[in-house]
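Here the protein sequences come in this chain order: U and E. The numbering used here applies: residue 823 is where the first sequence begins, and numbers increase by one. The numbering used here applies: residue 80 is where the second sequence begins, and numbers increase by one.
One thing to keep in mind: the hints can contain errors.
Stated by the list, open to error - Taking lysine-lysine and the DSS-like style, the derived pairs with C-alpha atoms no more than 25 Å apart in a straight line are:
| no. | chain 1 | residue 1 | chain 2 | residue 2 |
| --- | --- | --- | --- | --- |
| 1 | U | Lys-922 | E | Lys-140 |
| 2 | E | Lys-115 | E | Lys-140 |
| 3 | U | Lys-901 | U | Lys-856 |
| 4 | U | Lys-901 | E | Lys-140 |
| 5 | E | Lys-250 | U | Lys-922 |
In case anyone wonders, no lab produced these hints; they're calculated from the structure.
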Amino acid sequence: MIARALCLAFALFAGSLVHAGEAAPLADDPVAEKRLQELSTELRCLVCQNQTIADSNAELAQDLRREIRGMIQAGQSDKQIIDFMVTRYGDFVLYRPPVKGITLLLWGGPAALLLLGIFALLRYLRQRATRLAEELPLSTEDAQQAEKLLKEISQK
Amino acid sequence: MNRYFWIVGAFAGLVTLLAVGLNLNPHDVPSPLVGKPAPAFQLNVLSTPEKTLSPKDMQGKVWLLNVWSSWCVSCRAEHPVLVQFSKNSDVPLLGLNYKEVRGDGEFDMSKLNADQERKLAFQRASQWLSQHGDPYTLTLMDLDGRVGIDYGVYGVPETYVIDKTGTIRMKHTGPIDPEVLEKKILPLVAELNK
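Could you put the whole structure together from the sequences, leaning on the hints where they help?
This is the structure:
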């Protein structure tokens, strides 16, 4: 147990060390560094595709962070920097791809599937209700008993 | 009966979707550069380091640009295909050596100055080519990977087909195998050369 805890503590510690080894921030300019952080969490690292450029330690991600840093220092706007990336790596580099023809299925797909599911469920439930009513009509005895029970409830 | 038809149909549709999706290569990212002018650069030539070359110098020719590096394992795999290609074809094949030294990970870059890096890169690249054969008309040295970024390189090897007007017509990511060469690259080059 203790060994496990130690292991975990070590893993966490090692993790923070790795972070400390990150490219040197623009310490003298916290605003620029914050912009770099925000921009690089919007951009996908193309080498390890499920990580952002901010998270990834791949060489390319480091290069691109350096590139973004340079562009921030050169006074470029966020849009200019994002456009720079898109012209080179395509929409795929964006973690939130723009809504347009080719990405319509991506954005609308889940909602469309949900609607389809709701529609199918409603249809099924309605059909089931009519089917049950047709297949198993109440006998007169059952109907009388049901009425009696309903009356009892309403009297209470 | 009708009900099962719908359920089975929906399930089959889902399976097809997943089967197609899972068989796609996630690294096959379509390049936005196809159809656009090849980004400009001015890079030193490996065999004649005092000279530089830019894509403009290739205007009027259909040419291939192959991004490689001596530390890149897949490049070694595709290299024989390129060597064979260069023997059989007079289509210019330019090499773009990508981050020869700093991409390797073997070197502590804080201990190398720019001159040392440059010298080492040229030396390593020439040595590798003399060892494995040199299919390139000439090789351009992209020491810091800046040109690589302009070309949207994210994994060597990558190969671009560039037409007579200097427009990128195709990009292939990953090693070229004989099939890609025969079925995709060569027909396109032939068509562009018409």
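**Asked** Are there hints from earlier that the structure breaks, and if so, what are their numbers?
**Response** 1, 4
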